[in-house]
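Novice: Top line first, the protein sequences correspond to chains S and D.
FYI, the numbering for the first sequence is 30 to 438, going by our numbering.
FYI, the numbering for the second sequence is 30 to 438, going by our numbering.
No lab work stands behind these hints: they were computed from the structure.
It is possible that part of the hints are untrue.
Repeated chains share a single entry, so a pair holds when one copy, or any two copies, can fit it.
Claimed, not checked - In silico DSBU-like cross-links for lysine-lysine, where the CA-CA straight-line distance does not exceed 30 Å:
hint : residue 1 : residue 2
1    : K195      : K85
2    : K343      : K137
3    : K343      : K263
4    : K85       : K64
Only a predicted model underlies this, so the values are computations on that prediction, with no experimental measurement involved.
Number of protein chains: 2
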Amino acid sequence: MRENLKIGLFGFGCVGGGLYEILNKSNLLDASIKKICIKDPSKDRSIDSSNFTTNKADLLEDDEINLIVELIDDADAAYEIVVEAFKKGKNVVSANKKLIANHFAELKELSEEYGVSFIYEAAVCGSIPILRNLEEYYNNDAISAVYGICNGTTNYILTRLVNENKSFDEVLKNAQELGFAESDPTLDIEGFDSQFKLQILIAHAFGVIVKPEDILRFGITKIQESDIKFAKEKGLRIRLLSRAEKVDDTITGLVAPHFVDEEDATYGVNNEFNAVTVKGLFADKQLFQGKGAGSYPTGSAVLSDVSAVRYNYKYEWRKIKENSLNFNNDFAVKAYISTTEFLALDGIEFLSVEESFIGLDNSYKVGLITREELLRIAESKANVSVVLFQDPIHDGTALNQKLINIQKN
Amino acid sequence: MRENLKIGLFGFGCVGGGLYEILNKSNLLDASIKKICIKDPSKDRSIDSSNFTTNKADLLEDDEINLIVELIDDADAAYEIVVEAFKKGKNVVSANKKLIANHFAELKELSEEYGVSFIYEAAVCGSIPILRNLEEYYNNDAISAVYGICNGTTNYILTRLVNENKSFDEVLKNAQELGFAESDPTLDIEGFDSQFKLQILIAHAFGVIVKPEDILRFGITKIQESDIKFAKEKGLRIRLLSRAEKVDDTITGLVAPHFVDEEDATYGVNNEFNAVTVKGLFADKQLFQGKGAGSYPTGSAVLSDVSAVRYNYKYEWRKIKENSLNFNNDFAVKAYISTTEFLALDGIEFLSVEESFIGLDNSYKVGLITREELLRIAESKANVSVVLFQDPIHDGTALNQKLINIQKN
Numbered sequence: 030m031r032e033n034l035k036i037g038l039f040g041f042g043c044v045g046g047g048l049y050e051i052l053n054k055s056n057l058l059d060a061s062i063k064k065i066c067i068k069d070p071s072k073d074r075s076i077d078s079s080n081f082t083t084n085k086a087d088l089l090e091d092d093e094i095n096l097i098v099e100l101i102d103d104a105d106a107a108y109e110i111v112v113e114a115f116k117k118g119k120n121v122v123s124a125n126k127k128l129i130a131n132h133f134a135e136l137k138e139l140s141e142e143y144g145v146s147f148i149y150e151a152a153v154c155g156s157i158p159i160l161r162n163l164e165e166y167y168n169n170d171a172i173s174a175v176y177g178i179c180n181g182t183t184n185y186i187l188t189r190l191v192n193e194n195k196s197f198d199e200v201l202k203n204a205q206e207l208g209f210a211e212s213d214p215t216l217d218i219e220g221f222d223s224q225f226k227l228q229i230l231i232a233h234a235f236g237v238i239v240k241p242e243d244i245l246r247f248g249i250t251k252i253q254e255s256d257i258k259f260a261k262e263k264g265l266r267i268r269l270l271s272r273a274e275k276v277d278d279t280i281t282g283l284v285a286p287h288f289v290d291e292e293d294a295t296y297g298v299n300n301e302f303n304a305v306t307v308k309g310l311f312a313d314k315q316l317f318q319g320k321g322a323g324s325y326p327t328g329s330a331v332l333s334d335v336s337a338v339r340y341n342y343k344y345e346w347r348k349i350k351e352n353s354l355n356f357n358n359d360f361a362v363k364a365y366i367s368t369t370e371f372l373a374l375d376g377i378e379f380l381s382v383e384e385s386f387i388g389l390d391n392s393y394k395v396g397l398i399t400r401e402e403l404l405r406i407a408e409s410k411a412n413v414s415v416v417l418f419q420d421p422i423h424d425g426t427a428l429n430q431k432l433i434n435i436q437k438n
Numbered sequence: 030m031r032e033n034l035k036i037g038l039f040g041f042g043c044v045g046g047g048l049y050e051i052l053n054k055s056n057l058l059d060a061s062i063k064k065i066c067i068k069d070p071s072k073d074r075s076i077d078s079s080n081f082t083t084n085k086a087d088l089l090e091d092d093e094i095n096l097i098v099e100l101i102d103d104a105d106a107a108y109e110i111v112v113e114a115f116k117k118g119k120n121v122v123s124a125n126k127k128l129i130a131n132h133f134a135e136l137k138e139l140s141e142e143y144g145v146s147f148i149y150e151a152a153v154c155g156s157i158p159i160l161r162n163l164e165e166y167y168n169n170d171a172i173s174a175v176y177g178i179c180n181g182t183t184n185y186i187l188t189r190l191v192n193e194n195k196s197f198d199e200v201l202k203n204a205q206e207l208g209f210a211e212s213d214p215t216l217d218i219e220g221f222d223s224q225f226k227l228q229i230l231i232a233h234a235f236g237v238i239v240k241p242e243d244i245l246r247f248g249i250t251k252i253q254e255s256d257i258k259f260a261k262e263k264g265l266r267i268r269l270l271s272r273a274e275k276v277d278d279t280i281t282g283l284v285a286p287h288f289v290d291e292e293d294a295t296y297g298v299n300n301e302f303n304a305v306t307v308k309g310l311f312a313d314k315q316l317f318q319g320k321g322a323g324s325y326p327t328g329s330a331v332l333s334d335v336s337a338v339r340y341n342y343k344y345e346w347r348k349i350k351e352n353s354l355n356f357n358n359d360f361a362v363k364a365y366i367s368t369t370e371f372l373a374l375d376g377i378e379f380l381s382v383e384e385s386f387i388g389l390d391n392s393y394k395v396g397l398i399t400r401e402e403l404l405r406i407a408e409s410k411a412n413v414s415v416v417l418f419q420d421p422i423h424d425g426t427a428l429n430q431k432l433i434n435i436q437k438n
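All chains, full assembly: derive it from the sequences and hints.
Specialist: Here is the structure:
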């Protein structure tokens with residue numbers, strides 16, 4: 030059953046280096062890294078230069094290498110490597126959420142066509158084995174929702190914003206100095222990273238393949254001090270959630286800051302930690318919590334995938350094959366929308382308003398709002414911050430029908 | 030690949046009834062319950078009496094039944110059923126921790142001998158898929174510790190003890206009225222249930238088979254109001270932990286109340302919830318949290334096992350086959366030991382004492398103490414409560430060597 034693995038490794042950054050160390054230190058696996066392909070040969074490396082090449086063919090055309098571990102940043106280059114690896118009959122382990130989210134259906138089908146393993150647990154929430162559990166364990170209990178903190182950088186910033194009286198920019202700068210945020214933090218703080226991960230979660234939880242850009246996305250850059258104050262006064266915390274829910278017979282998903290209360294397990298998930306909640310019809314809420322990033326935690330997740338390949342493990346994507354659910358972007362949610370320019374609030378259309386506050390520095394409304402209207406806010410340049418509530422997502426079609434009926438009567 | 034499952038169900042209590050409902054409601058599985066064996070035919074049942082029999086042979090000798098789901102209380106009767114099922118070539122799903130913990134090696138070997146699946150995820154922490162993850166995912170990252178809240182009843186009582194100013198007996202009575210504790214709560218509150226579960230966790234996490242009764246065990250019945258007060262003053266909470274740790278090249282385990290601080294993920298796990306932390310050398314701490322008991326959560330865990338059988342899933346018990354670790358009962362831990370009879374403290378031998386307090390109502394000491402001495406306390410009738418700290422467990426042999434060296438110099 031067990032394959033003796035010869036690994037061709039692409040990338041020797043934080044995670045690649047971690048994997049290398051773990052493989053050597055743990056001695057638990059009879060897998061070895063034969064060659065490492067890097068982009069910049071002039072960089073100082075911790076191991077001998079004979080391990081490295083800059084020519085990808087040295088890995089892809091080496092018949093002895095039966096597993097490609099792809100850990101590079103560039104999603105386009107990764108795409109070429111992975112496709113080429115499949116065609117050469119090589120198994121692939123990847124941690125590249127952008128690559129996977131953008132080419133989900135194609136890569137799934139290609140890997141099946143060539144009969145190889147394609148596993149990417151480390152791409153979603155680092156060390157947390159969420160994909161494996163969605164694939165293997167939660168395949169009967171009808172899952173009603175999956176949501177979680179999938180990005181450590183933003184959670185670190187949100188935690189610091191609450192604990193210290195500093196501005197967003199100060200906290201971000203501090204996070205960058207400590208290595209918790211990239212020098213270009215856009216992918217994280219604007220929610221793109223969380224959007225990619227949600228795409229993958231939705232595929233494995235519900236069997237629905239959606240384009241990442243079709244998932245409504247808010248980052249955390251527009252959150253004001255007054256929003257943090259609002260949360261504190263109500264005993265709430267703000268978490269950037271990747272959230273997918275079954276609404277009738279459709280799946281709805283979004284990435285946005287949410288208020289969570291003490292009852293929710295993500296309330297206690299601070300700093301760089303990640304956590305995912307799976308809500309089943311029968312099993313109720315299950316939380317998986319762990320370190321979402323970092324050299325060792327992510328390296329360890331990659332190692333688990335390597336080990337799975339050794340036992341010929343493949344995702345079966347059963348839900349994708351069996352399910353017939355559609356992604357539904359016609360929905361409405363309960364939102365808190367605040368701004369320093371109170372006139373801006375007048376231009377925003379709510380289905381219904383529960384609270385309305387006008388202050389000297391800051392004004393806000395709380396109410397039910399459509400996805401369409403939220404998208405308009407997301408795309409505008411106005412200084413408006415959006416924080417959602419964890420109330421259930423409403424189906425737009427059903428809501429509209431209700432409104433039409435009300436108007437008729 | 031898929032077997033069409035005809036289920037013979039033993040037991041129609043809380044979990045059995047839950048499973049029946051879920052199977053019918055979810056429609057997600059082409060498995061059906063052919064016959065249900067019960068003890069008491071006179072009880073009122075929610076479904077037609079034609080489903081039931083009191084003769085176990087009706088299930089075990091029916092060739093069409095290819096899966097026995099065993100959900101009865103009586104571990105001795107369950108043992109006979111399971112062994113008989115194996116011999117008839119039938120797969121078995123069980124939620125009976127006492128049965129499994131007491132006959133671990135034998136049942137493992139028998140199931141292998143007869144080539145059938147024997148799965149029991151629901152026996153440990155209800156809906157939390159901890160065994161599956163230990164088997165499949167954490168098989169490389171050297172696990173350094175596994176600990177958790179494995180018993181919902183005691184966690185419910187401990188939560189209430191902190192939140193309300195009531196005595197242990199009052200809280201227990203209340204828990205019984207609400208259905209969170211059995212009419213005979215001994216198995217739960219004296220820690221036997223947690224001991225069984227720890228036996229199973231140790232086998233799957235470390236590949237070590239230990240007799241449950243060899244695991245040091247303290248329940249929660251001797252916890253005093255003054256202990257709760259001590260915890261509160263220091264910002265700690267008390268949790269009954271099933272705890273196993275790698276100490277050098279051995280495995281050590283114990284069940285006891287522990288002080289946990291805000292930094293530990295079990296701090297926020299309240300009421301009837303269960304949670305298990307897996308600590309890996311590289312992945313760091315991972316928390317799995319969910320409902321540990323109840324008709325639906327446990328029924329759902331059983332259903333996941335049923336589904337796994339359908340795909341011919343078997344535990345491989347790889348770690349048991351590959352590992353050569355021993356269980357080590359020669360250890361010392363940091364403990365808080367308190368009593369209302371302060372003279373009783375004098376009779377207790379500590380290796381070293383960090384704190385000593387004598388009060389009118391209550392006295393305590395905090396210090397390092399051997400397993401041997403703790404066992405003496407556990408077996409005595411004295412009114413002494415023991416709460417451990419989460420500090421690492423010390424190897425007894427190494428400690429003794431150190432003490433001998435100190436005495437020599």
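Novice: Hint by hint, work out which the structure violates, then give me just those numbers in ascending order.
Specialist: 1, 3
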